[in-house]
Amino acid sequence: MKLLRPETSLPGLVPKYPTTVKSVPYSEFLSRINSNQVRKVQVDGVHVMFNLKSGAKNVHDGEVLG
Numbered sequence: 001m002k003l004l005r006p007e008t009s010l011p012g013l014v015p016k017y018p019t020t021v022k023s024v025p026y027s028e029f030l031s032r033i034n035s036n037q038v039r040k041v042q043v044d045g046v047h048v049m050f051n052l053k054s055g056a057k058n059v060h061d062g063e064v065l066g
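Numbering (the UniProt record's numbering), first residue to last: 1 to 66.
FYI, nobody ran anything at the bench for these hints, they're computed from the structure.
Subject to a maximum C-alpha distance of 27 Å in a straight line, what follows is the list of computed DSS-like cross-link-like pairs (lysine-lysine): (1) K40 x K53; (2) K53 x K22; (3) K40 x K22.
This one's a predicted model, so the numbers in the text were calculated from it and none came from an experiment.
The whole structure should be built from the sequences, with the hints applied where relevant.
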């Protein structure tokens, strides 16, 4: 089994949209959750990574460092 880093794509797979990771305060993450703007959340140890829904303002995926 080979583990891939989040910024690494699978061979032959072309991403539809470029991925941008931006560190944001935890309070902004909670605000986005409360306003139902988050599409997907991934937790990896101390990192919380999330993707926003397509209609969210300031569409940037974020990462909260713990």
